[in-house]
Amino acid sequence: MVKISNWQAVLIYFAVQGASQALTLPPVASSLAQEGSWLSVPVATCASLPILGVVLILARRFPEEDLLQYGERVLGHFLGKVLGLAYVFYFLEIAALEVRRFNIFLTTDLLPQTPPVVILVLLVSLSASAARNGVEVIGRLAELFVPFGFLFMFMIFAVHLSHFRAENLRPWLGAGWGPVLANSLTTLPWLGQVFLLGIIYPVIRDQERSGRHFLLASISWGAFLSLFCMITISTFGAPLTARLTFPGYSLAERVRVGGFLEGMDVLLFVIWVTGVFLEISLFHLLAAQTLARLLHLRDYQRLVLPVGVLMVVLAQIMAENVAQLQAFLRPAVFVPFTLTFQLLFPLGLLLAAWLRGLKGADRRG
Amino acid sequence: MAEGEPRESGRPLKKSSCASGGLPPPSARGARRLPPGNTSRTSESRGLFLRRFPGMLLLLIGLLSGVYLTGCWDRVEVESLAIVLAVGVDLEPQGDGFLFTVQVARPSLLGKAGGGAMGGGGGNGGGLGQTRASWNATLPGRTLFEAERRFRRQMSRRLFLGTTKVVVIGEEAARQGVGELFDYFLRDREPRFTLLVAVARGTARGILSTEPALEKTVGQEIDLLSRYISDDSTSLFPDMADFVGRLWTPGEEAVAPALTAYEDETGSRRLRVEGLAVFRKGRLVGWFTPQESRGLLWVLGKVEGGAIDLACSQGRVALEVTGQSVRVQPGFIADRPVVEVHLRDDTNLAEEQCPGPVFTPETLKAIEMQAEDKIRDEIMTTLTKAQEMRADVFGFGRAFRGRYPGKWREMEGQWEEIFSRLEVKVTADVTIRRSGLLTETVEPR
Chain X
1 MVKISNWQAV
11 LIYFAVQGAS
21 QALTLPPVAS
31 SLAQEGSWLS
41 VPVATCASLP
51 ILGVVLILAR
61 RFPEEDLLQY
71 GERVLGHFLG
81 KVLGLAYVFY
91 FLEIAALEVR
101 RFNIFLTTDL
111 LPQTPPVVIL
121 VLLVSLSASA
131 ARNGVEVIGR
141 LAELFVPFGF
151 LFMFMIFAVH
161 LSHFRAENLR
171 PWLGAGWGPV
181 LANSLTTLPW
191 LGQVFLLGII
201 YPVIRDQERS
211 GRHFLLASIS
221 WGAFLSLFCM
231 ITISTFGAPL
241 TARLTFPGYS
251 LAERVRVGGF
261 LEGMDVLLFV
271 IWVTGVFLEI
281 SLFHLLAAQT
291 LARLLHLRDY
301 QRLVLPVGVL
311 MVVLAQIMAE
321 NVAQLQAFLR
331 PAVFVPFTLT
341 FQLLFPLGLL
351 LAAWLRGLKG
361 ADRRG
Chain Y
1001 MAEGEPRESG
1011 RPLKKSSCAS
1021 GGLPPPSARG
1031 ARRLPPGNTS
1041 RTSESRGLFL
1051 RRFPGMLLLL
1061 IGLLSGVYLT
1071 GCWDRVEVES
1081 LAIVLAVGVD
1091 LEPQGDGFLF
1101 TVQVARPSLL
1111 GKAGGGAMGG
1121 GGGNGGGLGQ
1131 TRASWNATLP
1141 GRTLFEAERR
1151 FRRQMSRRLF
1161 LGTTKVVVIG
1171 EEAARQGVGE
1181 LFDYFLRDRE
1191 PRFTLLVAVA
1201 RGTARGILST
1211 EPALEKTVGQ
1221 EIDLLSRYIS
1231 DDSTSLFPDM
1241 ADFVGRLWTP
1251 GEEAVAPALT
1261 AYEDETGSRR
1271 LRVEGLAVFR
1281 KGRLVGWFTP
1291 QESRGLLWVL
1301 GKVEGGAIDL
1311 ACSQGRVALE
1321 VTGQSVRVQP
1331 GFIADRPVVE
1341 VHLRDDTNLA
1351 EEQCPGPVFT
1361 PETLKAIEMQ
1371 AEDKIRDEIM
1381 TTLTKAQEMR
1391 ADVFGFGRAF
1401 RGRYPGKWRE
1411 MEGQWEEIFS
1421 RLEVKVTADV
1431 TIRRSGLLTE
1441 TVEPR
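Chains as they are written, first to last, in the numbering used here: chain X, 1 to 365; chain Y, 1001 to 1445.
Extracted from the complex, chain X is given alone in its bound form (with noise of 0.2 Å):
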């Protein structure tokens, strides 16, 4: 079986969680916290460490099985396939969502006469043979891509570090925790994507170690954005960051220094593109390896390139403008979708393997 290290499946993480928030930052996207609405990012991570918590027990119970194989085990035969219908569905709704939104920032920003259907089949073509090729080349990919993107956010934090307004911050808790502990709900749904880390457990090498690199990697997640959102709020102040489409991009776009460094915003869009092409690349897999699974069928391949229409065509009808995809995003609907495939049907999976005492087979040696 193809294994990936620890190390892999966190730079995937990093990847899924900057892919998807690293221009639009969720957490200062509200005016909700104002000046505090960094805070909300330390809240949502520690609520999002349950998550991982529970999919981590979960995985361990089963280390060699995927979702599917135990959810049957455990739910039984029918329950357990709806269960997987469940998940590729969502595999499949949060691709078509990221794509969606990839979408809507080329044509808003950089490619406005492309037609958007030209990148989209670029994008899930690629996705659809890294996933083809499985989740040890995705692993690779991110060790390639990732360190860069790391490497080049810290320089355009590096240039706005030195002007930063600490005036712009202040007050941090203007109103008090409420608004914080509410604006932290934009950002859960996206730090809970943690919960991956369990589906991708039964392919981890080093399956001993998984958990304390991945509660690591969590953390680190947590103040890297941190510090991406205040910083993004110090140079904009509160007001203007809330109102802007694309926070972290204009604070990319921003940089200048001297007459010489300028234009960052491409640089930042280059990084981008690999993070949501890895993004989706494990989407994609996921979906068609559960969809395979679901289907009794021996390879996970030939379900690839179907997945991937599924995805485009779900990405373009999924909402008519940014208007009504922001309506999707907003923590009424998101956070109970998400969270039920992130935290609820985990603990489901969870309670019901421990009532009935089921365990997965132990590792070999």
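Keep in mind that the hints were calculated from the coordinates and are not lab data. Remember, it's a predicted structure, so these values are computed and weren't measured experimentally. Beta carbons are placed, not taken as given, at the ideal position from N, Cα and C, and that holds for glycine.
Here are some chain X residues pointing at chain Y (derived, C-beta under 10 Å):
(1) GLU35
(2) PRO112
(3) VAL118
(4) VAL121
(5) SER125
(6) SER129
(7) ASN168
(8) TRP172
(9) ALA175
(10) GLY176
(11) PHE236
(12) PRO239
(13) ARG243
(14) LEU244
(15) ASP265
Here are some chain Y residues the structure puts well away from chain X; computed CB gaps all over 12 Å:
(16) PRO1140
(17) ARG1283
(18) LEU1364
(19) THR1441
If you want a taste of the chain Y side facing chain X, the calculated C-beta under 10 Å gives, among others:
(20) LEU1059
(21) LEU1063
(22) ARG1075
(23) LEU1186
(24) ARG1187
(25) ARG1246
(26) THR1249
(27) GLY1395
(28) ARG1398
(29) TYR1404
(30) PRO1405
(31) TRP1408
Here the structure of chain X is known, so what remains is to put chain Y in place on it, guided by the hints.
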């Protein structure tokens, strides 16, 4: 990758399906047997990709040909762009929308040595008959976007705003309010956050049609002026992100450099920076003279240079500011809001024309104290003027908001009123660090 090809030959049936369809139906993709040649890799899926390589290649070529054959949609040739250096916004005379002025570079003349620095004023073909390195065009529109699109009627190139260095707002437009203007510049994808904001005394169009003195275009000239004005510290060039950020931030009013046109000895209209334009709630409410502007800059901590002119026994001394740190401390005395401003300034002795020994610790101390008084006076003068305009350009309200969020909520509604009577205490601490290359001044025997 090329060795994938011969391996295919073992399975003629499947290969033909690749060649004909480009995208073989999933049913044709069975046969999970590894070809005998492929032994090295553990991953079966990788082998599959290699075996499908011709098919994938065909797919890729098919997709890319759509791009290559028709040309990229977003391909932009520099020659097809009208490169905008500066834009100006005025009110339409009938009060119906805006007058949008763009200053477009003429790259062929920009390159020529000395090309357009002198030239015919405003297209009237005066001067030496040379045309300018830039061309101004003005068109009306209810919205800026409408006006911008109207330029297509008279421009052979696509207007490109990504290179815009500065947006100049006409006095009247600024008085009416600038909030709605910036919607366009922020929303549109081309203008960058780093573009500078300035206010014209008179019309923006008038400022943009002055003759650049040292640069080839007014746009470049304003951009470079903004770089060196800090040596004088009598104005401030916020970029768009800063300016708009201030418009939105409660307890802080925006300022922008005031640009004014003047006539030099040769009769040419030139441009200079003259203090600051002061806004209240996004509307222009008045101007600061250069002197008053520095009073504000002291408090904002933006004084990076500039002369402090002082008297000594029988002459003048000039100190040059080299570094500054400021602490603004809001507080309450008997429930009355009070602000304390502490300044620390490092200075150099830049010039002194005082007979007698000056270069002693005691005399320098006396000069320092004079300078402290002078700075305090400058700040208080500016404060009084700002209080008359009820425009909290110092951001004192914001300091209260940061420090006392609860009390700020009570004060916020009447902040302008509170600010106009706000008590501000200024303490300055000036230190003379260096004296240049000379100790005592030149005194003929």
